[in-house]
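Asker: The residues making up each chain are set out below.
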Amino acid sequence: MKKVLMGNHAASYAAMRCKVKVVAAYPITPQTQIVEELSEMCADGRLDAKFLKVESEHSALASIIAASSAGVRTFTATSANGLALMHELLHWAAGARLPIVMVNVNRAMAPGWSIWSDQTDSLSQRDTGWIQIYAEDNQEVFDSVVQAFKLAEQIRLPVMVCYDAFFLSHTYEPVDIPDVDLVDKYLPSYDPEIYLNPSDPRSFNALVMPDLYMEMRYKMQEAMDKSKDVAREVGREYGEVFGRSYDLVEAVDCDDAETVLITTSTTSSPGRVIVKKLREQGRKVGLLKLRYFRPFPNEDICRVLAGKKRAVVIDRNISFGKGGIWADEIRGALTLIEDRPDVYCYITGLGGRDITPQVIEEIIADAESKEKPESLFYWKGLKP
Amino acid sequence: MRENYPREELMMSGHLACQGCGGSAAMRHVLKAMGPDTVCIVPACCWTIISGNFPYNTLKVPILHTAFETAGAAASGVRAALDMKGQTETQVMAFAGDGGTFDIGLQSLSGAAERNENIIYFCYDNEAYMNTGIQRSGATPEGAWTTTTPEKHPKRGPKKNMVQILAGHKVPYVATANVAFPEDLIRKVQTAKKIYGTKFIHILSPCPPGWRISSEQSIEVARLATYTKVFPVYEVFNGEEYHINVDPKEIPVVEYLKYQGRFRHLKQDEVDEIQKRVDYEWRILLAKSMEERFRV
Numbered sequence: 001m002k003k004v005l006m007g008n009h010a011a012s013y014a015a016m017r018c019k020v021k022v023v024a025a026y027p028i029t030p031q032t033q034i035v036e037e038l039s040e041m042c043a044d045g046r047l048d049a050k051f052l053k054v055e056s057e058h059s060a061l062a063s064i065i066a067a068s069s070a071g072v073r074t075f076t077a078t079s080a081n082g083l084a085l086m087h088e089l090l091h092w093a094a095g096a097r098l099p100i101v102m103v104n105v106n107r108a109m110a111p112g113w114s115i116w117s118d119q120t121d122s123l124s125q126r127d128t129g130w131i132q133i134y135a136e137d138n139q140e141v142f143d144s145v146v147q148a149f150k151l152a153e154q155i156r157l158p159v160m161v162c163y164d165a166f167f168l169s170h171t172y173e174p175v176d177i178p179d180v181d182l183v184d185k186y187l188p189s190y191d192p193e194i195y196l197n198p199s200d201p202r203s204f205n206a207l208v209m210p211d212l213y214m215e216m217r218y219k220m221q222e223a224m225d226k227s228k229d230v231a232r233e234v235g236r237e238y239g240e241v242f243g244r245s246y247d248l249v250e251a252v253d254c255d256d257a258e259t260v261l262i263t264t265s266t267t268s269s270p271g272r273v274i275v276k277k278l279r280e281q282g283r284k285v286g287l288l289k290l291r292y293f294r295p296f297p298n299e300d301i302c303r304v305l306a307g308k309k310r311a312v313v314i315d316r317n318i319s320f321g322k323g324g325i326w327a328d329e330i331r332g333a334l335t336l337i338e339d340r341p342d343v344y345c346y347i348t349g350l351g352g353r354d355i356t357p358q359v360i361e362e363i364i365a366d367a368e369s370k371e372k373p374e375s376l377f378y379w380k381g382l383k384p
Numbered sequence: 385m386r387e388n389y390p391r392e393e394l395m396m397s398g399h400l401a402c403q404g405c406g407g408s409a410a411m412r413h414v415l416k417a418m419g420p421d422t423v424c425i426v427p428a429c430c431w432t433i434i435s436g437n438f439p440y441n442t443l444k445v446p447i448l449h450t451a452f453e454t455a456g457a458a459a460s461g462v463r464a465a466l467d468m469k470g471q472t473e474t475q476v477m478a479f480a481g482d483g484g485t486f487d488i489g490l491q492s493l494s495g496a497a498e499r500n501e502n503i504i505y506f507c508y509d510n511e512a513y514m515n516t517g518i519q520r521s522g523a524t525p526e527g528a529w530t531t532t533t534p535e536k537h538p539k540r541g542p543k544k545n546m547v548q549i550l551a552g553h554k555v556p557y558v559a560t561a562n563v564a565f566p567e568d569l570i571r572k573v574q575t576a577k578k579i580y581g582t583k584f585i586h587i588l589s590p591c592p593p594g595w596r597i598s599s600e601q602s603i604e605v606a607r608l609a610t611y612t613k614v615f616p617v618y619e620v621f622n623g624e625e626y627h628i629n630v631d632p633k634e635i636p637v638v639e640y641l642k643y644q645g646r647f648r649h650l651k652q653d654e655v656d657e658i659q660k661r662v663d664y665e666w667r668i669l670l671a672k673s674m675e676e677r678f679r680v
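Protein sequence lines correspond, in order, to chains H and X.
Under the working numbering, the residue at position 85 of the first sequence is numbered 85, and the numbers go up by one with no gaps.
Under the working numbering, the residue at position 294 of the second sequence is numbered 678, and the numbers go up by one with no gaps.
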């Protein structure tokens, strides 16, 4: 059935269709409606789950980790400062190899207080061992949450589905909510072999001596590597069942392009508009949308960008002292190939400032006016 | 052994506790009363080490090791999952030290208590961060030496009253217990198991290295803590109804303090101050228990 839903409710409906058993969350703008709706669903019986109204995001993830360890499918959602408060437990969830799915609505970090969109909150959780997916529209929010459970439960790593505050979280769009039977067919019930079981008492997350810790970390990295193929398969199978297939990246008009615009989340939508416009003018411009941040799609990026003149990256985030985070990761990936493009990074849209089609057109024009980038990043739209 | 002392051992030998460890005696007694259909949550504390490193487990029940400040939340999560699976009879217990309860874990414990989660939370209280090498916690008694409260600047101010904090949440059952009185402890665990909601049992658990006592004195010193009224053993139903379970004896606190190296720097006037506070707190507790007897 098609429903007109805000991005946040698309996430709630996805969790409902995935039949999560325990939800724990703490209110934070702009995530709150996700858990409000789930709370309603638990109360009116649409979802057979226990909803823990905990006293902090830290306890939200702590209780979800424990519930997942007891062998049930779990879900939580947060934003910005809430995600930062969870930081210790992000490592814990991944290290414990739990298939938790969490939505993070990308919101700028305080101070000063800002509730508007910015990716620095989740990108700065890069090294916690979570898979991260960034969604462009509300349909992709729904679809990504469903895929996230299937991916997480196969490779035993947690998955974070991220999308922009307000541009998606509070914006209504038509969303196809597939029938429950179809989702059941795609996503089998979660039935782990090992869980907290008094009939088979084991110790979970016990002290590990130096002779074994490194091997455990090796296995996490191995799972991350494997997750690329699993994510592709999960996205392809999603297309077979629901008619919408997904990959780690999406390349538009890139084959003969000299300039490739690289976007994530909602920035991809105005990006598409401008690339189409420039193509109509005969300009050799393409678009590369990145869906996954972890695992980072190194191979896909190299495949698409090999032989191109320039890559123009829009970063709605900043790593202070270095620059745009996506661009930095892309430069790292490109060291794998010889004929790599120059990478132009534009930091813009921080704290929810609009990234309009015009802004993107100006960014492309600026990059194309230069022979070589003379800086690792440029600011776009900065007031004097 | 007394009649209510269960024979079954759910804590096995080979654990890594120090000699005379009150925390390991507490676990042994508690598990006997909890029985095998139990999930045990352990935040960072001495028991992180005592239970054995991967892949060993000294307990015959599953242990979920969890982050320092999360015992209350983790117990809530396990409870929720078990309830959703229909395992409503399986007991969920948290077993946390005083640092994980009084200090860093207070928020998640308070959250669980306020929601009245159906769990039993045990705090084995050795009155400092013993696992990291004897640093003061909110449970360290007034005047005590620790490595962060040296003799020239010993712990100022009284020990935080966790029982009152939990009683203030109006949870159905809060109790203190003492490893020197195992029959009382076991009865309390059995009582707690029969009650739905959040149960909190605070167990005084001496630490020979931290208290500067020899290991064979552990139980003797613990017993004196209750007999001198320093650590009264009592229970509170629904945050209102107080019962004192072990009668103290007319022994001055100095008899408790003098055994322990952590108090050896105290001067007579400081001991007198401690005696005054102990007497004062005892009168309040007695009044509360009397009041309830009249009301009932």
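No lab work stands behind these hints, which were simulated from the structure alone.
One should not assume that every hint holds.
Said to hold, decoys possible - Taking lysine to any residue and the SDA-like style, the derived pairs with C-alpha atoms no more than 25 Å apart in a straight line are:
#1 X:Lys469 with H:Cys42
#2 X:Lys577 with H:Phe51
#3 H:Lys53 with X:Ser494
Note that the structure is predicted; figures quoted are calculated from it, not measured.
Asker: All hints are to be evaluated individually against the structure, with a verdict given for each.
Answerer: Against the structure, the hints come out as follows:
Among the hinted pairs, Lys469 of chain X with Cys42 of chain H is consistent with the structure: their alpha-carbon atoms are about 16 Å apart, no more than 25 Å. This hinted pair checks out: Lys577 of chain X and Phe51 of chain H have alpha carbons roughly 24 Å apart, not beyond 25 Å. Between Lys53 of chain H and Ser494 of chain X the CA atoms are separated by roughly 13 Å; this keeps the pair inside 25 Å, and the hint holds.
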